[in-house]
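Hints are included, so try docking the two chains, each in its own frame, into the full complex.
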Amino acid sequence: MSKRGWREIPIAGIPFLKSTEYHTGDWKVFRPVIDGEKCIKCGNCWVFCPDSAIEWDGDSVPEPNYDYCKGCGICAEECPVNAIEMVR
Amino acid sequence: MQKVVKQRMMALNGDEAVAWAVKQSDVDVVSAYPITPQTIIVERISDFVHEGEVDLEFIKVESEHSALSACVGAAAAGARAFTATAANGLQLMFEILYITASLRMPVVMAVVNRAPSGPINIHCDHNDSMGARDAGWIQIYCEDAQEAYDSTIQAFKISEDPEVLLPTMVTLDGFLISHTLQNVSLLPEEVVHEFLGTRKVQRIKVPEIFGDKEVPLMLNPKYPLTFGPLDLFDYYFEHKRQQIEAMERAYKVIERVHKEYAEISGRSYGNGFIEPYKTDDADVVVVGLGSTMGTAKAVVDELRGEGKKVGSIRIRVFRPFPRELLRKVLSEFDAVGVLDRGISFGHFGQVYSDLCAALYGAKDAPMMIDFVYGLGGRDMPQKLLKKIFEEVLEAKVKGPEPVFRIRGVR
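Chains as they are written, first to last, in this note's numbering: chain C, 186 to 273; chain U, 817 to 1226.
Extracted from the complex, chain U is given alone in its bound form (with noise of 0.2 Å):
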């Protein structure tokens, strides 16, 4: 096992922290267009590259949907590249993100959750990100700055790992996490270099062209092969398989990244994929995603001052969803409070509805409500939160109905 290594502390917002990461990766291309709340992201790594503290090419584009294009462009011809964006931003990539995933390249971008417009909003909710999770990326939602840092670097090593070759998102809230300044540690730059090295291409077999030689999955003229070309009805159901085989992979890079993570920084967030808080002796959770469970291990304190026995678990890994996990975890409550920071109009929360299928039919399944709150940025004060773990508390005793709450709304 190898030694924690001596790191230095700053104080960083979340998006800051998000460009330290950015800077030390050692990566080739960045490509973003400024959109609060990520704007601070592009704007440091873009004052480091003026500073020539690092050696990438930053390419300024007109739009998001060109910011990724170029991503997926620079990816395909072998460099590590990343991006960062927010709502609107991220919808305006929509067609993109289906593309990068199909392509099996192995980009990073940070999505500073923000609210999609209309009204136009610029504070923090997970609809944006919410919204692409059924893209093919890979989905780590982090709870403050530091894991957005640790989170960034861990997400290209997930992402290249040749079992996996799919986009990683990284997520944080918006402003919450963004704008808010924290201590954050920083590893050396080359223990990232080292721990990620440089990006190794994936090579691959096509017997009919090249016969038994193994060819690098880019574009090389010396061994020419088309990207993204027609995929009708006779082959793309087998290229999807294949994404959803990737996907299914992920779980094991995903977990060891983390573990191999945790050995140098001394940092880990539960096992990767969840991070349960006081839940051994637990009658009732409260699950959520993102810096809202910051607020719910405060809560869990004041909660277990008074003698009641709850705990909170924050999901971290939102996909590939961990749903055997969960499965098993959340079968051991009584009730399960989901909190949604977002939702799918006409349906629940996201988070609800996943968790559902995740533990349809398990034996023991707890019962579930799904509490949507905090949209476009409306407060989660510990005195709300609170009150969500007593309504938990108290459907413990008189049942789940309804199990659809909305709440932090007039």
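Isolated chain C, as found in the complex (with noise of 0.2 Å):
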């Protein structure tokens, strides 16, 4: 999307998206990859994940949204059974 002048855009600093059309996570270096055989669903990555990036519904294995995700690693740290690796 090409960027807006300052006649397209509300006054004051408004945003003019939705605040979840705001992909917070694209500047990230490192991703979480959750490898499936040896995650336990235990939702640790999912309690942990400071931006609320990880997808979980409780019963199959999570899924980080890399739109929101900045790569802190903070879920690969937790993860008790090292499931989860930061790839570049």
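Don't read these hints as lab results, they were simulated from the structure. The structure presented is a predicted model; accordingly, all values stated were derived computationally and were not measured. Built from N, CA and C at the ideal position, the CB exists for glycine as well. Mixed in with the good hints, there may be bad ones.
Taking beta-carbon pairs under 10 Å as the criterion, some of the chain C residues facing chain U (in silico) [claimed, not checked]: (1) Arg189; (2) Trp191; (3) Arg192; (4) Glu193; (5) Ile194; (6) Pro195; (7) Ala197; (8) Gly198; (9) Ile199; (10) Pro200; (11) Ser204; (12) Tyr207.
Dropping the structure here:
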């Protein structure tokens, strides 16, 4: 999307998109990849993610949402079975 | 054209005059922290609230930083908000000054000019509000208590104009105006209400969120907006550009509001931006801000009595700086003395450097001399001001050097 000019955006620094449309994770260097074979579905990564960027239904293998994941690696650190690898 | 309304006269000092303006301006929220010489404003407003003479929320806070923050929050909720401070209090607000302007909140603040510490001083100079001149606020410098009253009322109308939406600082010289009694004409309250109306919240379009519907630019659960989020290199500059444009649009609004107010009150201050005094056939003029320019009128009269062609010009609106106007007006004279009750250490006084920038490259630009005076409330008696006028007259013959002069100091 091309960037808008000063005439085309609301004043006062009001965001012009819904907050979910700001992809806050687009600058990450490393992304977490979960190994479904090793994962014990404990939900630790889901609990610890500071950006609520791990999506989990409580039953299946959790999935990182890379739109919002900033690649901090906390999930990989907290995973008790080392099922999460940070990939460049 | 409206008729000038009948007014009552009260003996008020400058602070009280501001408090009366606030009382009459249908203000919703006042949050302020007392500091000399602004204290009387806060005291009078709290008296009005206590006596039930005004229907506003007075928020007591622990600091000026919180006072202005409360005003920003109130204004974001759609309120007409007012605060007042001086010197060190203004400096404690510094972070929020920029935030108020960038969130486009039409907060009005009285700044009772006081020399910043240290050493601690409670008397007048302009270094406090001058330090805040780049924060994005409109600045109006008053000459007396009457003007402080008039300008406070005008400030709400200017700030809240949809073309502007910027906060306004109304400044009055500490003690010289704030604590000296003067006959002040007060408009009837209903006339002020009619002049200002209740604050109308600007409506904006945010198509991606609300479609074609215009939504109020305020904290409103029905149309939720985010105020003050992170704004980095991708859009911060565009938002600053909007502030630059709003300041440019403010010229017209300030002029219009000043004119409309003059029609009901019968009072005007030059054209709203500058107030020339006996400048028509003058060879040299002295330019400055605030109460000193009242003294300057007396000195002009005295020198005119001696056959000298001098005049004075008071700059009333310092931000947005009336640069085109001053460029044109000052080009009429041979020499201009600039009175600065402030100093940018390592440079000139603030008025002088802004005037130099405004007159740069003008074909008939006059020679200009900076006179720094009155720091920390040092008196500017008629005698000293007369000497300054004479120095400017002499410069007309001998040239302007040195252009930087400090007067009234030992």
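Quick check on Glu193(C) please, does its C-beta sit within 10 Å of some C-beta on chain U?
Holds. Min distance 9 Å.
Against chain U, run the beta carbon of Arg192(C) and see if the smallest gap drops under 10 Å.
This hint holds: Arg192(C) lies near chain U, its Cβ roughly 8 Å from the closest one there, short of 10 Å.
Quick check on Arg189(C) please, does its C-beta sit within 10 Å of some C-beta on chain U?
At 7 Å from the nearest chain U Cβ, Arg189(C) passes the 10 Å test, so the hint holds.
Can we keep the Ile199(C) interface hint, with Cβ of chain U closer than 10 Å?
holds (5 Å)
Is the shortest C-beta separation between Tyr207(C) and chain U less than 10 Å?
Tyr207(C) check passes; min Cβ-Cβ to chain U is 9 Å, inside 10 Å.
Is the interface hint for Ile194(C) satisfied, with its Cβ closer than 10 Å to some Cβ of chain U?
holds (6 Å)
Given Ser204(C) as an interface hint, is the shortest Cβ-Cβ distance to chain U below 10 Å?
For Ser204(C), the interface hint holds, since the closest Cβ of chain U sits about 7 Å away, which is under 10 Å.
Should the hint that Pro195(C) touches chain U count as held when the rule is a Cβ pair under 10 Å?
Holds - the Cβ of Pro195(C) comes within 10 Å of chain U, reaching about 5 Å at its closest.
Return the status of the interface hint for Pro200(C): holds when the least beta-carbon distance to chain U is below 10 Å, violated otherwise.
Interface hint status for Pro200(C): holds (5 Å vs cutoff 10 Å).
When the nearest CB of chain U is found for Gly198(C), is that gap smaller than 10 Å?
With a closest approach of 5 Å, the Gly198(C) hint holds.
Hint check: is the beta carbon of Trp191(C) less than 10 Å from a beta carbon of chain U?
holds (4 Å)
Are Ala197(C) and chain U close enough, Cβ to Cβ, to be under 10 Å, as the hint says?
It holds, given that the least Cβ distance between Ala197(C) and chain U is near 4 Å, below 10 Å.
Figure legend: structure checked against the earlier numbered hints; every hint is met.
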